[in-house]
Structure formats: structure tokens, C-alpha cells
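S.K.: Residue-level listing of the chains:
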Amino acid sequence: MEDYKVINDYLMIRLPEEIDHHESLTISARADRYIMSGRVENIVFDFERTTFMDSSGVGIILGRYRKIACFGGKVYAVNADSRIRRILLMSGLEGIVEIMEPKKKCGEVKQ
Amino acid sequence: MIEIVEKREIREVSNEARVEFAAVSDNEAFARMAVAAFIMPLNPTLEELSDVKTAVSEAVTNAVIHGYENRCDRNDKVSMTCRLRGDELEVEISDRGVGIGDVEAAMTPMYTTRPELERSGMGFAFMEAFMDELEVRSEPGRGTSVRMCRKIGMTPWIAGEE
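Heads up: the sequence lines are chains Z and B, in that order.
Counting in the working numbering, the first sequence runs from 544 upward without gaps.
Counting in the working numbering, the second sequence runs from 418 upward without gaps.
Hints may be right or wrong, so weigh each one.
Unchecked claim - Taking CB as the label site, the calculated pair distances span:
{"#": "1", "chain 1": "B", "residue 1": "498", "chain 2": "Z", "residue 2": "575", "range": "36 to 42 Å"}
{"#": "2", "chain 1": "Z", "residue 1": "641", "chain 2": "B", "residue 2": "550", "range": "32 to 38 Å"}
{"#": "3", "chain 1": "Z", "residue 1": "552", "chain 2": "B", "residue 2": "520", "range": "43 to 49 Å"}
{"#": "4", "chain 1": "B", "residue 1": "458", "chain 2": "Z", "residue 2": "545", "range": "22 to 28 Å"}
{"#": "5", "chain 1": "Z", "residue 1": "573", "chain 2": "B", "residue 2": "430", "range": "41 to 47 Å"}
{"#": "6", "chain 1": "B", "residue 1": "447", "chain 2": "Z", "residue 2": "547", "range": "22 to 28 Å"}
{"#": "7", "chain 1": "B", "residue 1": "494", "chain 2": "Z", "residue 2": "548", "range": "37 to 43 Å"}
Unchecked claim - Which chain B residues face chain Z? A few, computed with CB under 8 Å, are given here:
{"#": "8", "residue": "431"}
{"#": "9", "residue": "442"}
{"#": "10", "residue": "443"}
{"#": "11", "residue": "490"}
{"#": "12", "residue": "539"}
{"#": "13", "residue": "543"}
Derived by calculation from the structure, the hints in this document are not laboratory data.
Remember, predicted model here, so these are calculated numbers, not experimental data.
Every residue gets a Cβ at the ideal spot worked out from N, C-alpha and C, and that includes glycine.
In isolation and in its complexed conformation, chain Z is listed as follows (with noise of 0.2 Å):
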């Protein structure tokens, strides 16, 4: 399965295990690329494997929704443990990232 994948005009992004400033680089410069592409509208940022966040991660979410929401795109978050909701949350990301349950699996877009 493949991290990056445009599907319509959503780009679902399968973070890394660990997301720290290192990591952050890699996937905002390959998001932006996706971005500048014109494909991407909105972006579903998938945190399924991921166990370990810190503020980057933070980072990544709000610069990309800079980039997209002056074209009235969205920013999804699904799959996130509770470690990683609250890190979003504390950083008042609710307003911006749409933070889907867990029971709903809008993760699984495998067919």
C-alpha cells in the first residue's frame, strides 16, 4: 500500500510510526507536491500506524491547511489513538482538522 494516493481530489497520507521535525520535512515537501500538482483539494492524513507525534506533526497539519483552505479544501485526520487526538487537540486544531471517530474507519480505503 502505497503512503501517498490521490483519490478523487483527496490526498490520504499514511504518516510514518514517528513523527518528529525530521520526518516533518519528507511529508510536507511530498504533500506540497501533491498540492502544487492542482489533483488535491482536501487532504485525509492517516494516523494509523503512528504512536509517536510531537508539535511537528502540528506543523505539518496546519501548513498544509494553509496551502488548501484558500481553495475551500478540508483537512481530515483519521485513525489517531488518543495520544495523538490530544496533541491535536491541545494545539487547537479542532477548529481546523476534522478529527473523525475511530468507529466510523474512514481509514480503510482499501477495496
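Dock chain B against chain Z, hints included.
M.R.: Showing chain B alone in chain Z's frame:
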């Protein structure tokens, strides 16, 4: 006769480790894993482990991108000292970088001096939230030192009391 004995916390350092590493972003993961390994004997909960790792990651990232201005020069060094006093962990992360002119402003949530790096400005706020104590000392031109403390193994103890 009932004798009341005042319980004193153990204050002596029972274990200590010090590492010094190059101020490059690859070492952010190294630093938080080193701390995690250091506190393993205390049987931390996943929550405690994750809190400590996040705080350390923030402090080391600050040293790399602000202290040493994101130069990624192997000659710039960050040092990390971990101490255990009973069940309390103390981590001190120091750099000899540019220092912080206004520590109070730097600690304000959402504050960032480098908006071009797309950081969230939440570094110090996370350190404060995830640790019990946070002390920042800095001198412009000389460097910054962040000292953080956190009691480990508290959560199961509280849960066990009920």
C-alpha cells in the same frame, strides 16, 4: 503512643546518564529513545513514556533549529543529562547556540521566530504540559538549557488505590 514519622522523599540521585550528540535532526529520535531506555526500569506507563518522549523531542528540536539556527553542522553539540531521584526523572538538555533573548515570549504558545519553517510554536507549551516541572535558562550568545522533571510510575499507583 503513636509516633509520627515524617516521610521524606528520596532526593539523592540514584542513577545518571549523560549523552552528547551532533545538533542534526536525525538525533531527535535518538535522544527520545535514549530517555525512554533510561526510564524503562521504573516501569513507566505508555502514557508517561509518550509524554517524556514528546517533551524531549521538543527540547532537542528547539536546540537544533533555533539554538543552532538549523545549520545541521556536526560540530554543534547538544548535551542531554538524565537523572533519577527515586521515581522522579530529571532531564536537562543544553546547547551552546544563539540563546533566547526573551524567554517569556518564547514560551508563549503559538509564538515562533521562524514562521517559514512551518512550526506550530507549541514546543515549550508541550514541554510544560507533559512534564511536572520546566525550567528554561538562556543567555543570548551563550546557549540555552532546559531542565524538566517528571514523576514516573504514578499512574498505576493512583489507579491501585481505588
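S.K.: Could you run down the list of hints and mark each one as holding or not?
M.R.: Results of checking the hints against the structure:
Take residue 498 of chain B and residue 575 of chain Z: their Cβ atoms lie about 38 Å apart, and the range 36 to 42 Å holds. At roughly 35 Å, the beta carbons of residue 641 of chain Z and residue 550 of chain B sit within the given window of 32 to 38 Å. For the pair residue 552 of chain Z and residue 520 of chain B, the supplied restraint of 43 to 49 Å holds, since their beta-carbon distance comes to about 44 Å. Remark: the range hint 22 to 28 Å for residue 458 of chain B to residue 545 of chain Z is contradicted by a beta-carbon distance near 41 Å.
The given range of 41 to 47 Å is respected by residue 573 of chain Z and residue 430 of chain B, whose C-beta atoms sit roughly 45 Å from each other. For residue 447 of chain B paired with residue 547 of chain Z, a C-beta distance near 27 Å keeps the hint of 22 to 28 Å intact. Checking the proposed 37 to 43 Å range against residue 494 of chain B and residue 548 of chain Z shows it holds: the Cβ atoms sit about 41 Å from each other. With a cut of 8 Å, the hint placing residue 431 of chain B at the interface with chain Z is violated, because the nearest CB-to-CB distance is about 27 Å.
Hint on residue 442 of chain B holds. Least Cβ distance to chain Z is approximately 4 Å, under the 8 Å limit. Against a cut-off of 8 Å between C-beta atoms, the interface hint on residue 443 of chain B holds, since the closest Cβ of chain Z lies about 6 Å away. The criterion of a C-beta within 8 Å of any C-beta in chain Z is not met by residue 490 of chain B, whose closest approach is roughly 16 Å, and the hint is violated. Evaluation of the residue 539 of chain B hint against chain Z yields a held restraint, the C-beta minimum of about 4 Å falling below 8 Å.
Against a cut-off of 8 Å between C-beta atoms, the interface hint on residue 543 of chain B holds, since the closest Cβ of chain Z lies about 5 Å away.
Consistency with the previously given hints fails for numbers 4, 8, 11, ordered from lowest to highest.
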